[in-house]
Amino acid sequence: MSAVVSPIRKPLVTGNKTYHQITEDLISPTEKAPTKAWLIGFILAVSVATYGVFCIIWTIWVGIGSWNLNRTINWSWDITNFVWWIGIGHAGTLISAILLLFRQKWRTGVNRAAEAMTIFAVICAALFPIIHMGRVWLAFFIMPYPNTRGPLWPNFNSPLLWDVFAISTYFTVSLLFWYTGLVPDFATVRDRAKGFRKKIYNTLSFGWTGSAKHWQRWESLSLILAGISTPLVLSVHTIVSFDFATSVIPGWHTTIFPPYFVAGAIFSGFAMVLTLMIITRKLLKLEDYITIEHIESMNKVILLTGTIVGVAYLTELFISWYSGYVYEQFAFFNRALGPYWWSYFGMMFCNVIAPQFFWKKSWRRNVTLTFFLSIVVNIGMWFERFVIIGTTLARDYIPSSWSLYSPSWVEIGIYIGTMGIFFTLYLIFVRVAPVVAVAEIKHILKSGGNQYVGEGAAKAHHSSEH
Amino acid sequence: MANIENRELIYGLYNDEEDLLRAVKSAKNDHLEIYDVYTPFPVHGLDEVMELEESRLHIAGFIYGGLGTLTAFLGMTWIFVKDWPTIFGGKPYWSVPAFIPITFEMTVLFAAIGMTVTFYLVSGLGPGVVNTQLDPRITDDKFCIAFDKAMVDSGDVEMFFKNTGASEVNSKNI
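Chain order of the listed sequences is Z and V. At the far end of the first sequence sits residue 524, using our numbering, and the numbering has no gaps. At the far end of the second sequence sits residue 1362, using our numbering, and the numbering has no gaps.
Same shape as in the complex, but just chain Z (with noise of 0.2 Å):
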């Protein structure tokens, strides 16, 4: 036997599991009929995403009037809400691509749901600038395109075009990326199933056989995929914060934004991962899968990441003091100290001192803290790009423009719709699909199973000696 034996390293995969009961595990939960909490689940987001899409049909019908943006406040709600989720968009694409290349092999039990999550989330947020555009039917003018109107050609200069071409990129990379890792564990169900399910597994697995020749192929495209994610990943963030930095707003006209957003998005990312594995590996029973090194190690990810977003917060402060220059001054002290007080507050509170709980391992290592935790991340984080676009935009530079803004309706609507979208088809990507890579923990198990690795590896290293 030549796996790893390792007293120290800890185990990935516990339960003494076989290749078959990990098939078993992981493929049955797309085989039985759907649980009740599911089915509760469901029908829940389905009447969410109803609402959020009468919502968007009512701002195309009644038009962008029916939100409570004025001259001053020209952007809110929707860009706000287009940063946060493009942020927890992230966290997929960093997991499988960023931690491939680094070797972390934690990353098989999660990478599946988050990089199924980073194309759900990506769809929410690409619905904000599109509605946001107004005529949403001449959408297309948007790409480069010879034309009869001149041609006339998008303005390439424009950060907000480089954003299309960003976020459609890492929409389709990531598409590719997480579809190609499916195909082998659709085969793996089709292989399980009879009559019409066969067939429909049959056309997902585009006929994979489990060649020698495919996996070699198969894993150099996965490599390869992940070493030009990698930069991609860093380049989308960093030209959403183009769309602030690139400006001459005060507040917003600074080269800190890049580094900074991509780390606020890693970390938002992260909380939303473990948001939703949390309740996935309870409710599909992937405690031997997803264990709480898995959810220890994304904890010091976010622990990392809220530090680094935290001291982001303090450099502009000084920054801004240090400049001298009294608009960039003006700007922090109304974040601060402004009518939107309470938003930066909360933005403080939930991204730099909610995390540092994690500087202790039995807090990281506790499931419903993290939970919790979690979630008060994903609100600070909305609230810091409201803090940035919001706060910002409602004192400039004339006090006879100052305004005030809160949300219509139709705003809160769509919101809470996307939500509803993303839980949609993340709900149903959980039946169809198997959640943890079936192929890649197999592909680990012996150097991350507990029957190689950990305490008792020596006893069960004996007996899979034949």
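Mixed in with the good hints there might be a few duds.
Per the computed footprint, the stretches of chain V lying under chain Z, defined by three or more beta-carbons under 8 Å from a beta-carbon of chain Z, are [unchecked claim]:
no. : stretch
1   : 1194-1201
2   : 1214-1227
3   : 1257-1271
4   : 1289-1302
5   : 1307-1318
Derived DSS-like pairs (lysine-lysine); straight-line CA-CA distance at most 27 Å [unchecked claim]:
no. : chain 1 : residue 1 : chain 2 : residue 2
6   : V       : Lys1360   : Z       : Lys271
7   : Z       : Lys271    : V       : Lys1216
8   : Z       : Lys271    : Z       : Lys343
9   : Z       : Lys163    : Z       : Lys252
10  : Z       : Lys271    : V       : Lys1270
11  : V       : Lys1216   : Z       : Lys256
12  : V       : Lys1279   : Z       : Lys271
13  : V       : Lys1213   : V       : Lys1337
14  : Z       : Lys256    : V       : Lys1279
Hints were generated in silico from the structure; no laboratory data involved. All residues carry an ideal CB built from backbone N, CA and C; glycine is no exception.
Starting from the known structure of chain Z, arrange chain V on it as the hints suggest.
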């Protein structure tokens, strides 16, 4: 694909990838020509013992990426310098730094789509493709070595499976 010619395969199933690796090695030593090996997950070291050539997918990826770079950069250059020159904020028409983000994104996009499509095409996989599966358990927990009956002596192969500890031996037309 392989359905065009009717092949009869004789194949053995193993319970563990270590057994499979040993078996593939001994098949190489016995000069038995393996038709293919099927596994439920990528087994490390298998391509070396099978003496598979390294995949050239990364070269294809590089070329696709380069195409993306050129398409984006030359496209924007042509549009903003030649087709419809526009002044933005007194900057030159050919504002290279502003073209970097889109050029980068298109490089990644072309490489990713190109490589993925190439992967499915050269592997003969895709929506609607039906390949005969030797055994449904190959995607679960069995590791399979298959020989083309026309290329090997069946007595030798049966001996080989017996010696290397295959748990089952079967044959199938594909």
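Compare the structure with the hints numbered earlier in the document and write down the numbers of the violated ones, lowest to highest. 1, 8, 9, 10, 11, 12 and 14
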